[in-house]
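Which chain is which? The protein sequence lines are Y and R, in order.
What the first sequence shows, in UniProt numbering, is residues 1 to 472, in sequence order.
What the second sequence shows, in UniProt numbering, is residues 1 to 344, in sequence order.
Among the hints, erroneous ones may be present.
[Stated by the list, open to error] Calculated cross-link-like contacts (lysine-lysine; reagent style DSS-like; alpha-carbon spacing at most 30 angstroms):
id	chain 1	residue 1	chain 2	residue 2
1	R	K119	Y	K31
2	Y	K43	R	K316
3	R	K262	Y	K21
4	Y	K58	R	K305
5	Y	K25	R	K271
6	R	K316	Y	K31
7	R	K302	R	K119
8	R	K305	Y	K31
[Unchecked claim] Below, a sample of chain R positions facing chain Y; criterion: calculated Cβ distance under 8 angstroms:
id	residue
9	A65
10	A67
11	F115
12	Y122
13	P133
14	T168
15	A261
16	D329
Worth flagging that the hints you see were computed from the coordinates, not collected in a lab.
Backbone N, C-alpha and C define an ideal beta-carbon position, used for all residues, glycine too.
Read off the chains here:
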Amino acid sequence: MATEILMPALSPTMEEGTLAKWLKKEGDEVKAGDIIAEIETDKATMEFEAVDEGILGKILVTEGTEGVKVNAPIAVLIEEGESADDIQASASAGSDDADSDGDDKGGHPNDTGQTTTRAESAPAASKSEPAAATADRSPDWPEDTKMKTMTVREALREAMEEEMDRDETVFLMGEEVGEYQGAYKISQGLLDKFGPRRVVDTPISEMGFTGIGTGAALAGLRPIVEFMTFNFAMQALDQIINSAAKTLYMSGGQMGCPIVFRGPNGAAARVAAQHSQDYTAWYAAIPGLKVVMPFTAADAKGLLKSAIRDPNPVIFLENEILYGRSFEVPDMDDFTIPFGKARVARSGSDVTIVSFGIGMTHALDAAEKLAEEGIEAEVIDLRTLRPIDYATVIESVQKTNRCVTVEEGFPVGSIGNHLSAHIMENAFDWLDAPVINCTGKDVPMPYAANLEKHALITVPEIVEAVKKVTYK
Amino acid sequence: MVRKPAASKPAPSNTSKDELLKYYRDMLLIRRFEEKAGQLYGMGQIGGFCHLYIGQEAVVTGLEACAKEGDKRITSYRDHGHMLACGMDPRGVMAELTGREGGYSKGKGGSMHMFSREKHFYGGHGIVAAQVPLGAGLAFADKYLGNDNVTFTYFGDGAANQGQVYETYNMAELWELPVIFVIENNQYAMGTSVKRSTKSNSLFGRGEAFGIPGEQVDGMDVLAVKAAGEKAVAHCRAGKGPYILEIMTYRYRGHSMSDPAKYRTREEVQKMRDERDAIEHVRELLLQGKHATEDELKSVDKEIKEIVNDAAEFAKDSPEPALDELWTDIYAEDLPQGSAQEHA
Numbered sequence: 001m002a003t004e005i006l007m008p009a010l011s012p013t014m015e016e017g018t019l020a021k022w023l024k025k026e027g028d029e030v031k032a033g034d035i036i037a038e039i040e041t042d043k044a045t046m047e048f049e050a051v052d053e054g055i056l057g058k059i060l061v062t063e064g065t066e067g068v069k070v071n072a073p074i075a076v077l078i079e080e081g082e083s084a085d086d087i088q089a090s091a092s093a094g095s096d097d098a099d100s101d102g103d104d105k106g107g108h109p110n111d112t113g114q115t116t117t118r119a120e121s122a123p124a125a126s127k128s129e130p131a132a133a134t135a136d137r138s139p140d141w142p143e144d145t146k147m148k149t150m151t152v153r154e155a156l157r158e159a160m161e162e163e164m165d166r167d168e169t170v171f172l173m174g175e176e177v178g179e180y181q182g183a184y185k186i187s188q189g190l191l192d193k194f195g196p197r198r199v200v201d202t203p204i205s206e207m208g209f210t211g212i213g214t215g216a217a218l219a220g221l222r223p224i225v226e227f228m229t230f231n232f233a234m235q236a237l238d239q240i241i242n243s244a245a246k247t248l249y250m251s252g253g254q255m256g257c258p259i260v261f262r263g264p265n266g267a268a269a270r271v272a273a274q275h276s277q278d279y280t281a282w283y284a285a286i287p288g289l290k291v292v293m294p295f296t297a298a299d300a301k302g303l304l305k306s307a308i309r310d311p312n313p314v315i316f317l318e319n320e321i322l323y324g325r326s327f328e329v330p331d332m333d334d335f336t337i338p339f340g341k342a343r344v345a346r347s348g349s350d351v352t353i354v355s356f357g358i359g360m361t362h363a364l365d366a367a368e369k370l371a372e373e374g375i376e377a378e379v380i381d382l383r384t385l386r387p388i389d390y391a392t393v394i395e396s397v398q399k400t401n402r403c404v405t406v407e408e409g410f411p412v413g414s415i416g417n418h419l420s421a422h423i424m425e426n427a428f429d430w431l432d433a434p435v436i437n438c439t440g441k442d443v444p445m446p447y448a449a450n451l452e453k454h455a456l457i458t459v460p461e462i463v464e465a466v467k468k469v470t471y472k
Numbered sequence: 001m002v003r004k005p006a007a008s009k010p011a012p013s014n015t016s017k018d019e020l021l022k023y024y025r026d027m028l029l030i031r032r033f034e035e036k037a038g039q040l041y042g043m044g045q046i047g048g049f050c051h052l053y054i055g056q057e058a059v060v061t062g063l064e065a066c067a068k069e070g071d072k073r074i075t076s077y078r079d080h081g082h083m084l085a086c087g088m089d090p091r092g093v094m095a096e097l098t099g100r101e102g103g104y105s106k107g108k109g110g111s112m113h114m115f116s117r118e119k120h121f122y123g124g125h126g127i128v129a130a131q132v133p134l135g136a137g138l139a140f141a142d143k144y145l146g147n148d149n150v151t152f153t154y155f156g157d158g159a160a161n162q163g164q165v166y167e168t169y170n171m172a173e174l175w176e177l178p179v180i181f182v183i184e185n186n187q188y189a190m191g192t193s194v195k196r197s198t199k200s201n202s203l204f205g206r207g208e209a210f211g212i213p214g215e216q217v218d219g220m221d222v223l224a225v226k227a228a229g230e231k232a233v234a235h236c237r238a239g240k241g242p243y244i245l246e247i248m249t250y251r252y253r254g255h256s257m258s259d260p261a262k263y264r265t266r267e268e269v270q271k272m273r274d275e276r277d278a279i280e281h282v283r284e285l286l287l288q289g290k291h292a293t294e295d296e297l298k299s300v301d302k303e304i305k306e307i308v309n310d311a312a313e314f315a316k317d318s319p320e321p322a323l324d325e326l327w328t329d330i331y332a333e334d335l336p337q338g339s340a341q342e343h344a
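All chains should be modelled from the sequences, with the hints used to inform the complete structure.
Structure (structure tokens):
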């Protein structure tokens, strides 16, 4: 039976090409793998191999023809004994492409076209987060709970210890987490308690151990990968994003990756540009990741425990300056904080200040200063940046009609930018002033003490921004 | 067809007829499947990148013959052969290539990103060498859990020049992970030959610096691959840590579908096809040893052709994924809410 040879697609972007040269002529025998023609694509001149065997019965497109559409018949292959005369009829009947709408030779009739049409009609409405949810204002722990004072450092260590006690598949790996007891002492005592099988000191190989941790998670363990600082995680970014965050989707839901990447993030003190960067907005941009940045010790503990139990990759951003700060933490057997639930750290009616992580220190200080001047700020701690609790922010803005965001990261593409856009889309009519984003400055972190201070977000800047939106 | 003496050695006496027939069948399935994939690509049914395994079939076939249930495998984007060799359904693989609902990733992964929990196939990875630490991580999990599974971590001669491979070698040997690093040396990283990328005499030899044993293997001889695989697997299962197999192989087709083939001669490719083809090798062993007749082999060919045609039909008929699939599988099911709710 005669078979049509179709113009092949020879690159991902090719829609048409030039039939540069025929290397076989009519009547020639063709074996699978023989080069029958040279075709110029948008990228290069390519050799076109036959996939079937037979005799080249008729050439339909002469050499030198430009703009030959992919899938257009270019020749007919016949079997021995077949006549080249009745080619046209039998070729059409024998066309492999029976599901396309007829033999529209010039067209591009099959699935490529369909895909485009369907993609265009994809409902943009199916956004991942419903905008109209109501805020969850339930308390994080029962009201009569006994409290204890502890530092953020102790809270983090306790969270890991409790989860390692609870689940044998949880283990900690990273540089200096074991014998050194943690570069910032977060893992102090864990090696003694759990041994080297579950507290694994790694060589200085961020990309390697991040990939090993991710592989272990794909296989069902629950690794906690500590980065000495998130600045070093840039060496491992491909594994975090391409391997950990995307595999569930790429596998059609088969391969979950329950892993926590944690460590200090953002500026510490006087360590200059390469060691002082806030990555919140970077990671928050990636679907497939969850992103957490606690401020208080209670949140550090409750959120880290949730992160370890979460079946997804979680970026857990700590802060070196906060490690030693003490807070009240509920004294409970099993205390967790859910993701996507912001905390209203201070109530107020004149302006909403939204922040997270160490930004909360500045936001709360600014709120105190503003109170002295009679401006009552509501301060919201987002706690998680993916998912974001939009509802709490929107409800607050609907009450105060003004909003200032505070974060330490760079200004371009910041969390504040994203929130401003969300507020504009969802609460535009409630706004009495533009939202102002207070961020770190658009400069690499300088070393000199005075310059460093000005590169970071400052309390006077927040106070000034609030006065601007309240027209005071 | 003239064959090199090395390839026409008789099969070792411990190789059974059934075993040879299985290798023939498995390798032929990969080749015919890939030829069909190339054809569908040419017809615009498969899009994007598509890297064919034609020529390298003996590598996965020989190594899968050494695997037991529970062993894991992970590879790069030239992954169709690995999936077929570990028993994944040709229909599901082909339907993923066409981006359809019936594909292993529901059409969301494509040629380079397919997985199977059931067959312990961990992908399908599109970033050169990223699968190497991931593979060591799979082995880390098995060692942690105290079982005797091993992980076959495949990568190419191109990936062998990525830094993360050596970070992984170091940790794999340090922690004695049960991982077999399989370097499929097909001699070209896209269009750059091994000679033009390194002055190392061998790629497996680089493991020596980390204390990892290894060897070079004739990858056009499935029996040689199997013999080397058994040695590597025994080493790993015995808890002695990783092993490197540098398997010398050859891809007949371009790097991907859009390969202008200017970096090697047509004659070089043809010579490999004529003299060292892995499938022809087993075919000759079967015929010379009187294990099978021409007719019997023809019926195998026919059966394989039917499987592949069926896979192609399935892949064309399977519907495109529903549009709401765009929004699924981004996160695994969510946590129960926090403790306040639990106590309420």
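A quick look at each hint next to the structure:
1. R:K119 to Y:K31: Violated, at roughly 36 angstroms.
2. Y:K43 to R:K316: 27 angstroms, holds
3. R:K262 to Y:K21: Measuring from Cα to Cα gives roughly 17 angstroms; hence the hint holds.
4. Y:K58 to R:K305: Holds, at roughly 27 angstroms.
5. Y:K25 to R:K271: 25 angstroms, holds
6. R:K316 to Y:K31: The hint holds at about 26 angstroms.
7. R:K302 to R:K119: 26 angstroms, holds
8. R:K305 to Y:K31: 17 angstroms, holds
9. A65: With Cβ-Cβ at 23 angstroms, over 8 angstroms, it is violated.
10. A67: 16 angstroms, violated
11. F115: With Cβ-Cβ at 4 angstroms, under 8 angstroms, it holds.
12. Y122: 6 angstroms, holds
13. P133: 3 angstroms, holds
14. T168: Since the shortest Cβ distance to chain Y is 5 angstroms, the answer is holds.
15. A261: Hint holds; R:A261 Cβ to chain Y Cβ min 6 angstroms, cut 8 angstroms.
16. D329: Holds. Min distance 4 angstroms.
Violated hints for the displayed structure, listed by number in ascending order: 1, 9 and 10.
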